[in-house]
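So the protein lines, in turn, are chains A and B.
Throughout the first sequence, residue numbering follows my numbering, covering 1 to 106 in sequence.
Throughout the second sequence, residue numbering follows my numbering, covering 1001 to 1252 in sequence.
No lab work stands behind these hints, which were simulated from the structure alone.
Remember, predicted model here, so these are calculated numbers, not experimental data.
Careful: at least some of the hints might be erroneous.
Claimed, not checked - When the alpha-carbon atoms are kept at most 16 Å apart in a straight line, the in silico EDC-like pairs for lysine to aspartate or glutamate are as follows:
id: 1; chain 1: A; residue 1: LYS21; chain 2: B; residue 2: ASP1039
id: 2; chain 1: A; residue 1: LYS21; chain 2: A; residue 2: GLU60
id: 3; chain 1: A; residue 1: LYS21; chain 2: A; residue 2: GLU95
id: 4; chain 1: A; residue 1: LYS21; chain 2: B; residue 2: ASP1040
id: 5; chain 1: A; residue 1: LYS21; chain 2: A; residue 2: ASP37
id: 6; chain 1: A; residue 1: LYS21; chain 2: A; residue 2: GLU10
As the list claims (entries may be wrong) - Partial chain A-side listing against chain B, Cβ under 10 Å, derived:
id: 7; residue: LEU5
id: 8; residue: LYS21
id: 9; residue: GLY31
id: 10; residue: LEU35
All residues carry an ideal CB built from backbone N, CA and C; glycine is no exception.
Okay, here's what each chain looks like letter by letter:
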Amino acid sequence: MADVLVNIPESAAPGEIIEIKLLISHPMETGFRPLADGTLQPRDIITSVRCLYGGETVLEVDLHPAISANPFLAFHLRVDRSDEIVLEWTDWYGEVQREVRQIEVV
Amino acid sequence: MTKVCTTALVILMAGPAQSDDRRSGFEFMGPTTQSMQTDDMANPGMLAVLAGERLWNEPAGLSEQSCQTCHGDPEGEMRGVAARYPAFDEVAGTAVDISGRVNLCRTRHQRADPLPHENADLLALVTLIGLQSRGLPIQPDPDPRLTEWRARGEAYYETRVGQLNLSCAQCHDENAGGHLGGAPIPEAHPTGYPIYRLEWQAMGSLQRRLRGCFTGVRSEPWPYGSDGYIALEAYLMQRAAGMTMETPAVRP
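One chain only, chain A, in its complex shape (with noise of 0.2 Å):
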């Protein structure tokens, strides 16, 4: 289990574009970099994140090699209910980790 820090508002008024902040503890291992021994250090990537908001997916992304340790993702969404939103991502050997969070939307 990474750490991660997740930035989600609890509360937002009907319509209002929320931020979500999520920041995860990896080191994003690219697989090309050669070892003291010759030999390739494997890839340990995160592949993809995903962001459902009461069970619909809102946001999907891709990720590759060249992105940078302990990645960091911002993006907005607008939100009309209270509802669970879930962050989840999928690192390269499949393990999935995932977040939940309570939004009130009043």
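With the hints as your guide, set chain B onto chain A.
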């Protein structure tokens, strides 16, 4: 001889030593890197803080005690500590920086192995301790046993080294604000350590930063943990006395 004197004079006049126009490396960065540092949600150094908080509560070594067991919450006893280090340790009979101090607690109090320099866990603990001084002025320890360390650090700072034959002062006092290749030359204030350096894509200690400056002038860096670094750290902290701590800083 005259040349040496003029150089000394230039350093005296241009040196940021006591005046308020000293500027942290923060001031030399672009606005995007600055906002990365000031937004705790975007500052990757805060990931080290998270890891540090976890480690703070983890029992280690034969003592099976955690930092928390003896020190309580980091917000209490650790406030202002990083702004005061390096300090002199009575038992070890030597000056230590925060990393050295944490390792003393590991070996002496937790009866655990010391963590190697630049180990991610060690950096995380030191970053957590550093954060407890963020916003506070640097207040070097008045212990007279540190005077000699600072004097040695100052001597190193002014000595030309390496194939390029440059001293720290020649870059950081005489040419601060200028450029080296594409990089602005800052005034070398240790206000933000450990830092998250974009070039490293990782956290690093002041010693790692200093090693970079040694290799930059093609001088063989001392091994990690050498007294020379502690002396330089003690001098740099004295030179930055009163400036605001900003751990965890972001640097290019």
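Item to check | Hints not upheld, ascending by number | outcome: 3, 5, 9 and 10
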